[in-house]
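Chemist: The lines below spell out each chain.
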Amino acid sequence: MSKLEERIKHLRLDHKVICDMVTPGAKVLDMGSGEGDLLAYLVEQKDVDGTGVEINEEAIYKCVEKGLSVFHGDIDSGLSDYPDKFFDFVIFNQAMQQVHKPLPAIKEALRIGKKLIIGFPNFCNINARLQLCFLGRVPVTPSLPYTWYDTPNLHFLSIRDFQDFCRKQNIKIEKSVFLGESGVVKMFPNLFALNGIFQVSNE
Amino acid sequence: MSENKEMVSTKIFSVPEGELFHLESGIKLRGLEVAYETYGELNEEGTNTILVCHALSMDAHAAGYHAGSKKPGWWHELIGPGKAIDTDRYFVVCSNILGGCMGTSGPKSVDPETGKPYGLSFPVISIGDMVNAQKRLLKFLGVERLLAVTGGSMGGMQALEWTVKYPDMVASCIPIATTYKHSAQQIAFDEVGRQAIMADPDWHGGNYYGKTLPASGLAVARMVGHITYMSYKSMDKKFGRMLTKDKLGYGFTTEFEVEGYLRYRGDNFVKRFDANSYLYITKAMDHFDLQGGGDLFKIFRGVKSRFLVITFSSDWLYPPEQLKELVKALKMNGIDVTYCEVNSDYGHDAFLLEFEVQSKLISGFLAKTYSKLNR
Chain A
267 MSKLEERIKH LRLDHKVICD MVTPGAKVLD MGSGEGDLLA YLVEQKDVDG TGVEINEEAI
327 YKCVEKGLSV FHGDIDSGLS DYPDKFFDFV IFNQAMQQVH KPLPAIKEAL RIGKKLIIGF
387 PNFCNINARL QLCFLGRVPV TPSLPYTWYD TPNLHFLSIR DFQDFCRKQN IKIEKSVFLG
447 ESGVVKMFPN LFALNGIFQV SNE
Chain B
33 MSENKEMVST KIFSVPEGEL FHLESGIKLR GLEVAYETYG ELNEEGTNTI LVCHALSMDA
93 HAAGYHAGSK KPGWWHELIG PGKAIDTDRY FVVCSNILGG CMGTSGPKSV DPETGKPYGL
153 SFPVISIGDM VNAQKRLLKF LGVERLLAVT GGSMGGMQAL EWTVKYPDMV ASCIPIATTY
213 KHSAQQIAFD EVGRQAIMAD PDWHGGNYYG KTLPASGLAV ARMVGHITYM SYKSMDKKFG
273 RMLTKDKLGY GFTTEFEVEG YLRYRGDNFV KRFDANSYLY ITKAMDHFDL QGGGDLFKIF
333 RGVKSRFLVI TFSSDWLYPP EQLKELVKAL KMNGIDVTYC EVNSDYGHDA FLLEFEVQSK
393 LISGFLAKTY SKLNR
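From first to last, the protein sequence lines are chains A and B. Numbering-wise (the working numbering), the first sequence opens with residue 267 and increments by one. Numbering-wise (the working numbering), the second sequence opens with residue 33 and increments by one.
Hints may contain errors.
Stated by the list, open to error - In silico DSSO-like cross-links for lysine-lysine, where the CA-CA straight-line distance does not exceed 27 angstroms:
| # | chain 1 | residue 1 | chain 2 | residue 2 |
| --- | --- | --- | --- | --- |
| 1 | A | K293 | B | K213 |
| 2 | A | K452 | A | K351 |
| 3 | B | K102 | B | K115 |
| 4 | A | K367 | A | K312 |
| 5 | B | K213 | A | K380 |
| 6 | A | K351 | B | K404 |
| 7 | A | K351 | B | K330 |
| 8 | B | K330 | A | K328 |
| 9 | B | K330 | B | K213 |
| 10 | B | K356 | B | K392 |
Hints in this document: simulated from the structure, not taken from any laboratory. Note that this is a predicted model, so its numbers are computed, not measured.
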C-alpha cells in the first residue's frame, strides 16, 4: 500500500469520527473541503446543510459534480464573510496546519460557528519522535507523508500543543478522539496517535 | 437524426393588440415583439425551464443550427441533448433583449404611432425592462417558474435582476463574468463606443434608417469592445507583433495582425448590428446598479435562489473582485452559493470559449437544483 493510499484509508476513519460529532441536519462549513468527500459523506449520513471552502480549482469541479456548494478561495479569507454563529459546525479537517495564521482563523471559525471540529496530524507521534531522535531527520509518517520540500503544512503541532493552546485561549474542548493507524488510540495519545480530532467551542 | 433534432428557428411573440408594455421609466410601449428560441420540452410540473440571457451583441439563437447555416448558436457547446444544459431534460428559452435589433422591439423597429422606425424616439430601457419583456414571453409560453436563469456579461446582469425582482419565480441563478453594478471603467468604455457612433456624420441623430449607416462609428465602438473582451495574454498569444504583410511600411494601412483583426471584427459587426441599439443597450448596462447606493447585503435579503457564480481570472472588464462582493452579500444572507474563479487567459471572452469548465460546473449545479425542486 502506498503512503497516499494509507493516508486515504486513515482519513476515512477521520470522516467517520467527524460524522459522529455532527448532529443531523446541522449547518456545516468545511474549510479546505478538497474534493468534497467529507462533506458529501456528511450530507449522505447526517443530511447536513453544507458548504465548503477550497483553493484548488479542479477540486471545486469535483465538489460541484457531487452537488455540493463550495467557495473558491483560501481559508484565511473564506471565513470573514459570514455572520456570527451562522453555522452549527465549522470543520477544519487536515487543513488548519496549512492556514497562514491559525489563531485568527480559529477565532473567526468560533465566531461564525457554534462548534468547531479540528482534525490534525500529531507531529509528536512516536514514529516521528524516533525519526527525529535517531535518524536525525524531519519525520515522514502516515499522517505527515510529505518531505520538507513539498509539504503544504506550515505549522506543526502535537495533541498536547493543541490542548495547551485551548487552555490558554479559553477554548473549551468538548470532545476529543485520537486515531492511530488502525483505530482509536486510548492510551498516551500524544505518543501513539497519528491524528487528533477535537470538538471545541467558546467557553 | 441528431442533426434534425438540433435544427431550430427564431420565432416572434407579439403581445395582443392594444396591450401596453410598462417600462420602468413610466413610459408605455405599444406592440411589443419578442424574438425567441426554445429547446427541449416543458415538463408537466413546469419545473424544468432554464432562461438563457444573452450579452450585448448576441441574439435569441443560443443553440442548434438555423436552416442553411453551418454556424451554431452562441452557446451551442453548452446547450443541447446530453450537454450541460441538457435539452433532453430541461426546457430552454432564450430571447433577444428589449432594445435589441435581432427581432425584439428596439430603435430599429417601426413605431406604430408614426409608421417609421423609432430611432432615438425609442424610450430608454433598463436591464429590468429586458427582464420584464422576458417575463411577458414566459407567460405566453406557459412558464410560471424558472429552474435557472443564466447568462454571461450583460446576460448575467439580467439573471441577477431576475433573482431580486422575482424571487419567487427563480430557483437558481448562474451569473457568469458579470457584475451587480457597472463600474466607472465599464461605463467609460461604453461611453467611448457611444461617442464613436454619435461622431459618425452618417449617424444623423439616429435617423439613418434607409440611408447610409453610421458604419465607421459602430465599427470603432466594436473595436474598442473587442479589446476589452480579450486579455493581455490572449492578445499577445493570438497576434503578438505578427504582420499582415512582409514588412513594415511608411504609412497608415493595416500592418499588424491585431489591426486587421479589429477592423475585420468591426466591419463584420456593422453588417448585423444596429448602431442605435448599441447606444440603448450600453446605456441600460451603465444604468444597471442593483445596489442603488444602498446596502448590497439588504438587496439580497428576500432572494430565494441558489447561486453558481463564475468568474475568469484574466477578465479585466468584469473582474472577479466585483462578483466576490456579490458572493459575500449572498453569504451574509445565508443564501446557498457556489463560487468559482476559473483560471483562464481568454479574458472576458472566456464565457464564450471555456466550455469544458463551464459544462462541469453548470451540469452539476443544475442537477442538484433540479433534484431539490423535484424531490
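Chemist: It remains to establish, for every hint, whether it holds in the given structure.
Modeler: Do the hints match the structure? See the list:
no. : hint            : result
1   : A/K293 - B/K213 : violated, 31 angstroms
2   : A/K452 - A/K351 : violated, 32 angstroms
3   : B/K102 - B/K115 : holds, 19 angstroms
4   : A/K367 - A/K312 : violated, 31 angstroms
5   : B/K213 - A/K380 : violated, 35 angstroms
6   : A/K351 - B/K404 : holds, 26 angstroms
7   : A/K351 - B/K330 : holds, 19 angstroms
8   : B/K330 - A/K328 : violated, 32 angstroms
9   : B/K330 - B/K213 : holds, 15 angstroms
10  : B/K356 - B/K392 : holds, 21 angstroms
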